[in-house]
Amino acid sequence: MNSITQDNESTQEQLDQIKTQEGVSITDHDDTHTEHHHGPEKGIKRWLYTTNHKDIGSMYLVFSLVMFLIGGSMAMVIRAELFQPGLQLVDPHFFNQMTTVHGLIMVFGAVMPAFVGLANWMVPLMIGAPDMALPRMNNWSFWILPFAFAILLGSLFMEGGGPAFGWTFYAPLSTTYSNDNTALFVFAIHIMGMSSIMGAINVIVTIVNMRAPGMTWMKLPLFVWTWLITAFLLIAVMPVLAGTVTMVLTDKYFGTSFFNAMGGGDPVMFQHIFWFFGHPEVYIMILPAFGIVSSIIPAFSRKKLFGYASMVYATASIAFLSFIVWAHHMFTTGMPLAGELFFMYTTMLISVPTGVKVFNWVATMWRGSLSFEVPMLFAIAFVVLFTIGGFSGLMLAITPADFQYHDTYFVVAHFHYVLVTGAIFSIMAGVYYWLPKWTGNMFDIALAKWHFWLSLVSVNVLFFPMHFVGLAGMPRRIPDYALQFADFNAIISIGGFAFGLSQLLFVVVVYKCIKGGDKVPAKVWDAAEGLEWEVDSPAPYHTFETPPKIKN
Amino acid sequence: MTSQGKLIRNLAFACIGMFAFAFALVPLYDVFCDITGLNGKPSLEQAKVSETIDTSRIVDVGFITHIQNKAPFKVSADQAVISVQPGAMSKVVFKAKNISSENRMMQAVPSISPGLAAKYMHKIECFCFNQQALAAGEEADLALMFYIDTALPIEIEELTLSYTVFDITQSGQMGSSQGASK
Ligand code: HEM
Ligand SMILES: [Cu+2]
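Residue numbers (our numbering), protein chains in the order written: chain A, 1 to 552; chain B, 1 to 182.
Derived by calculation from the structure, the hints in this document are not laboratory data.
It cannot be assumed that every hint is accurate.
Short derived list, chain B residues pointing at chain A, Cβ under 7 Å [unchecked claim]: (1) I8; (2) F23; (3) P27; (4) F63.
Pairwise CB distance ranges (calculated) [unchecked claim]: (5) I16/B <-> P146/A: 36 to 44 Å; (6) F32/B <-> L48/A: 30 to 38 Å; (7) M158/A <-> G62/B: 41 to 49 Å; (8) I16/B <-> G473/A: 42 to 50 Å.
Since we're looking at a predicted model, the values are computed, not measured.
Where is the CB? At the ideal position from N, CA and C, for every residue including glycine.
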């Protein structure tokens, strides 16, 4: 609370400062001008103490890239073990730690921080604000993250090992059967949750209060809209996650029985509470992606986004529906028929607004004068491959069918299509779209195309066959498998290694682009629209200290 | 307070509220399950004797026991399945044995499948109502007296009563731990 009120004052101060600066610059004009637009501090202090939304955005993005690589190497361990049937490389307990921590890192360390980083960079630029509304809290919400992940990763090296109960940490696996390092897992989740909540509050306050005059609600770029709705989802469900891990903590260490039948609790209740968080969480990881793709497709189709208003309403209804579908993850727990039907129909209902979105993207491209720059390539791949993930979701939503699919590789295929070719591809599309704006340099286009095509092919070799082994009955989260799955798993693993290696190209492209490259103009892409293209490239350290004029 | 301050305050309250809501889900879940019989938890209170008997149909009731965490007990019903008429009283004897060389306390937790049948299972007497003390090596006959409600939905033709057996020697009284207990 304390830091919140402080922040509040400090933005007030900043606003006052900005006002006086304007006053000064009117009288003194250009000679004092450079002084106000002072650059960042030098050295490590710049990053430790910064309250600048661009610095913080960059830190989030770099952090998320590091986590993506760490989580990715765990996936490589998993795929190496599964390359052949039988146990060869790692012992099953370590394998379980790998699947668990891979999931946790990718969800909380890679996808979510990347979106927060993009929000930090782009939301103020898109709405014509000088910074985020609560800059000091912004600094906090970033800097607690490395500690959370240090705790989580550190637990892997402790006696007994890290969490091994799956990213969903179902009780009693996480209570009765887990080791003593579970407390570290719980605290790590608590810290990640606090970071997300602070980030969400910041985004909401910024969007509500800091829009430039004339930036009305229905003029907001879709990335801003989707992030606003995501932020509300975060505020609604991250505290529930915090409550869930707290109950796990007290059940394990303090003798409560929330999830323990012996003391009157119920392990199935764990799943209800977890998925009440969990399903909105998966939409937290996809709504900002919808926003990014909705910015990119019009720019390279040279047309306005088709059905802007319907996009906003579709996003809001997806967010609302995401609260009443959670038990589709629990069809096999033995719910009564009425419950199964309710959750089946509401789940299927979600695909209606999702379908509206896909339709709008396709309609935007329809008869546009398309060009296929790298961000557009990723965006188109997103539309196609995310839709495949949506279809497998629909299949899983059919209750009687889910009894067969549940806990098989079919589910793994589903959520990797929506998360890797969905969320991650959209993040890459966004990075390629805005990186020239951030650095002032064009990236190495040839290398970026190599990155795209290699990723596109390998990701499908990696995840598409998982549908088949899943339908054939291969269970998920198992270090060994029956012989008939051997060939497919070898193919999957090869796809996995290829996809993993391709991402190193991404690192190279980004690194080279930060170091130098062809200079780009303010409007990097000729048909791109939005306030972010009106500031110089690279975007100056301070932007929109005087609110921009919004065209009608 | 500025409008920004108010917004921040409201958002902070919303977070605290949702944290509390996570815990409120615990009693809500129990209430919801009591009403709907969702989770197959039968009542742990002694029921009244039935007045009518539905002689027109027969329901198969199966009994299974499951020893949790290698608790040192052997428990099994003397009949695996019995056929009953709704409303008619039945008695089943469970043989329980403490196979360890120490005195132990045992607690059985019942659960019914399909879950919706739970609220139609009325127990007059059940060893699961209390914890059972079993001396080292002791063997005991534990009784269950129950009847099935005549209102049992017609589509349920068989149901299973499952007991999970816990060793509670250390943790003492059942329900002494707080939390989701009833
Ligand atoms: C048309 C939309 C969607 C439908 C109908 C749908 C449906 C489902 C269903 C029924 C399951 C449970 C499968 C099972 O465990 O048996 C599931 C799992 C999952 N879905 Fe989706 N889904 C959709 C979109 C998404 C999106 C957009 C995301 C995330 C970006 C997502 C992420 C996940 C994840 C992570 C799981 C697995 C969770 C786990 O058990 O570890 N889904 N989905
Ligand atoms: Cu879901």
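Answer holds if the nearest beta-carbon of chain A is closer than 7 Å to that of P27/B; otherwise answer violated. Violated, because the Cβ-Cβ distance from P27/B to chain A comes to roughly 11 Å (cut-off 7 Å).
Given F63/B as an interface hint, is its Cβ closer than 7 Å to any Cβ of chain A? 18 Å, violated
Please test the hint of 42 to 50 Å on the beta carbon pair from I16/B and G473/A. Roughly 45 Å apart at Cβ, these two residues keep to the hinted range, so it holds.
Hint check for G62/B and M158/A - Cβ pair distance inside 41 to 49 Å: Given range 41 to 49 Å: holds, Cβ gap about 45 Å.
Just tell me: holds or violated, for the beta carbon distance of F32/B and L48/A against 30 to 38 Å? Violated, since F32/B and L48/A (Cβ atoms, about 49 Å apart) do not stay within the stated range.
Look at the Cβ atoms of I16/B and P146/A and judge whether their distance stays inside 36 to 44 Å. The hint (36 to 44 Å, Cβ to Cβ) is violated, given that I16/B and P146/A are roughly 26 Å apart.
Interface restraint verdict for I8/B against chain A (beta-carbon cut-off 7 Å): Hint holds; I8/B Cβ to chain A Cβ min 6 Å, cut 7 Å.
Given F23/B was flagged as interface, is its beta-carbon under 7 Å from a beta-carbon of chain A? Since the shortest Cβ distance to chain A is 6 Å, the answer is holds.
This entry does not satisfy hints 3, 4, 5 and 6, going by the numbered hints stated previously.
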